[in-house]
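Chains A and B are the protein sequences, given in the same order. Just so we're on the same page, this note's numbering is the position in the first sequence counted from 1, plus 22. Just so we're on the same page, this note's numbering is the position in the second sequence counted from 1, plus 1.
Honestly, the hints are just simulated from the structure, not real lab data. On a predicted model such as this, the values are computed, not experimentally measured, just so you know. By construction, the Cβ of each residue, glycine as well, lies at the ideal position given by its N, Cα and C atoms. Warning: the hint list may mix true and false statements.
[To be verified] Covered stretches of chain B, as calculated for chain A (at least 3 residues, CB under 8 angstroms):
#1 42 to 52
#2 101 to 112
[As the list claims (entries may be wrong)] To give a feel for the contact side, a few chain B residues facing chain A, derived at Cβ under 7 angstroms:
#3 S122
#4 A125
#5 R177
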Amino acid sequence: MIPHRRSASSWGILAVTLLAFITQGCGQILNDNLFSSFGGNAVAGLPRPNGAIIILVMNQTSSAAVVRVQVNKTRYVPGDDTTGDGTTGGGTTGDDTTIPATSLELSIPLEPYGPATELDHAMIVQECDVTSIQFLGGSIQSDTGGDPVEIPADLPPITYGSQLFCGDVVAITIVGVGLQPVISIY
Amino acid sequence: MKRLQTLRFATLVAATLAVLVSCTGCLNPELVNRINGRLYPIVPGNQPFLLVRVINNTNAMLDVPIVYNDGTADREFVITGLTPQVHETGVVLDWPVMRLALCDLDNPYNPNIIATLPDGSISAVPFGYNALEAGVHYMSGDGIIFSLNGDVRAPAFVRVNIGRIDAQTQPGGFTRADPFEAANLILLLGGF
Chain A
23 MIPHRRSASS
33 WGILAVTLLA
43 FITQGCGQIL
53 NDNLFSSFGG
63 NAVAGLPRPN
73 GAIIILVMNQ
83 TSSAAVVRVQ
93 VNKTRYVPGD
103 DTTGDGTTGG
113 GTTGDDTTIP
123 ATSLELSIPL
133 EPYGPATELD
143 HAMIVQECDV
153 TSIQFLGGSI
163 QSDTGGDPVE
173 IPADLPPITY
183 GSQLFCGDVV
193 AITIVGVGLQ
203 PVISIY
Chain B
2 MKRLQTLRFA
12 TLVAATLAVL
22 VSCTGCLNPE
32 LVNRINGRLY
42 PIVPGNQPFL
52 LVRVINNTNA
62 MLDVPIVYND
72 GTADREFVIT
82 GLTPQVHETG
92 VVLDWPVMRL
102 ALCDLDNPYN
112 PNIIATLPDG
122 SISAVPFGYN
132 ALEAGVHYMS
142 GDGIIFSLNG
152 DVRAPAFVRV
162 NIGRIDAQTQ
172 PGGFTRADPF
182 EAANLILLLG
192 GF
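Take the sequences, apply the hints, and build the full model.
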């Protein structure tokens, strides 16, 4: 009888531990209120984002600027909508594939710097499936009305896992002196 | 019999430890965050921003205008070349954002979303909803998700779904970096 009692108490301890863990630690799994929806279209099938990386671009010059940034990523490619039900991804159709890399080129227009100017900075947010971020240069409107002045782009890519991590902010500041971009990671 | 019980108990302990370890940071932290959301924030929360994410669940390349009103004027930010491979991107908008849509704020059926289908044809997609409004559909610190899905029943073969991540459902006390807080500090220090 003693082994049975010991076994029962062990099972009890395990059950309590698991229950405490589920309610405290992984309670967010069960949170049905995370995604609400508008207009009767549910987005309940979306997975939670895994975190974010922000690309913050700031123009500290007195001229309008355009900044180009390339974001390289690795992720799943949704398959075709073979079922015609409006869903293509999520692995439900079995036709999803993974590709090694893809990229998104961002062309970010910025207004001249000013305390009351809303668009002298911009923030782009990416999930943490980024592999690298490359500054591609840009241009600034000439004060004299001539051709735009190019911003040099001779900087190496910022690589995820060595310089860049989930939760980081990549801050790109365009300053007037020599039009050199200042790139910092916070 | 006793050996079987011991084995079963050891298996249970091992399984419990595995689950505990997976949710406390010994595995890929992004995966862990996707499960329990306690490492990195996914919406601005206490920071004076609104997160707007656009997800391409179609097989077309999309050009998506994000149009909003900040209380003084209508602003527009256009995401171009959002391919199915890239899948998602987003912007963080300074608060206040009084109204928000993927189209003309006063004309939800103006087809401003451009979808380039795999065969090269171009389809203009209407947003199809009235502009979202602050205090009604979202608050400061929330995240709005526009999910564009392929739908053969939709007139332009693309349907827009909208979701919201309520900042209040986000757990507090993150153990890793908070990019929204960092971005806010950088902007304040830079005089923006």
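If any of the earlier hints don't hold here, list their numbers in rising order. 2, 3, 4
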